[in-house]
Structure formats: structure tokens, C-alpha cells
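Residue 36 is where the sequence shown starts when you use my numbering, and the numbers rise one by one after that.
Keep in mind that the hints are not guaranteed to be accurate.
Said to hold, decoys possible - Quick list of in silico lysine-lysine cross-link-like pairs, DSS-like style, CA-CA up to 25 Å:
1. K157 x K140
2. K180 x K74
3. K180 x K227
4. K197 x K183
Quick caveat, the hints were computed from the structure, so don't treat them as lab data.
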Amino acid sequence: MKKNKLVDEYIDKVQPFAKQVLMHLRQLIHETCPDVEEKIKWGMPSFEYKGMMCGFAAFKQHCTFMFWKAPLMKDSILMENAKSETSMGHLGRITSLKDLPSDKKIIGYIKEAMRLNELGIKVEKKKIPLKDMDVPVEFLAAIKKNKKAFATFEAFSNSNKKEYIDWFTEAKTEATKQKRLLQAIEWMAEGKPRNWKYMKS
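Produce the complete structure using the sequences and hints provided.
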């Protein structure tokens, strides 16, 4: 099993309940896809095979598991789980090994994700027009003053736009909000998404 030390370190730092879950999922991924490559993307373990295939993350009280091409996969429960208010992953809210589907089912999902990548099938992303997005007036007015930053923001995917908007709106003080706004403009002027630091791997 080809391991990435950064993924080892990530798993070592999580809660004991999460460590069991992540180690089990990691093992299943490698057994099913021996050529898989481990990376850290956006601060969490990502598993790649002819492109991004799946990934997992651990939080204080639960874990999540994601398939990058879940919208194209046959089992509709994957997307239903992702839309649930209690979960952000395709296998639902995972608090222990008991919450996972059977190994057979998970392996089936992994094989399907592998095939989609082998065939080069991509998920079509529909962009929401900027006028239809809930963008704070203050945020939009500021980035419009910087042509490069605004051009980058307009070209971003919906998720990249949302990451910047959420980062700005979640600031608890006005000082923090202004600091984040200036940083966002600087990064976008350089063509960088919000989590660009985690995309070097």
C-alpha cells in the first residue's frame, strides 16, 4: 500500500473514533484500487486514480466520505446523503464503523468511481449567474474596484465563489471582515481560489 506521510499525519491527529473509520476506509480504497495515489487537497485526504476519485475528512463528532463524481453514480442515496442537514458526505454522518455501509457496497462504489475516471467522464457544472448569487453588496463593490480580482471572481466556479463569500460573511468583527476582504482581493488578483494553499500537493 503506497502511503502518503501527510495522510498518516492527518489520521494520527483525529479523534479515536474517527481514526478507526478513516483507517478502514483507507484500507478498502487501496485494496480496491492498488494504483491509487494519496494527496492532501483542501486540508483533507484525497485519493486519486486517473483524476480525483474520493476523499474523507474527520471532525470532532463525525466523519465524512466523498466521491468527486457522486452525481454520476448509480445509487441515488449518495446524493441524498450529501443533501441531508446532518451530513455533508455521500455515505452519511459517520460516527463509528457501524454507520458505514457494508464493505461490499463501499467497494462497489469505489469500482464505479474508478470506471468513471477511466472513461474520462466529467461532472457538468452549471454556473449560477453572478446576478443570481447572494453576494454581499460591500464585498462585490470592493472587488469590482480591482479589475483582475473581479475577472477572477466572475470566472470562478460556484463553489470557489462561495468559499470567498462565506469566509467574508463569517467574520465576527468589522476589522476581521475588512482584513479578509483585502486579502481576498489580493489573492483573486493573483488568480487564486480561497484555499489555494492546500492545492499545492
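Hints versus structure:
1. K157 x K140: Holds: K157 and K140 sit about 23 Å apart, inside 25 Å.
2. K180 x K74: Violated: K180 and K74 sit about 37 Å apart, past 25 Å.
3. K180 x K227: Between K180 and K227 the Cα gap is close to 17 Å, so the pair holds against 25 Å.
4. K197 x K183: holds, 18 Å
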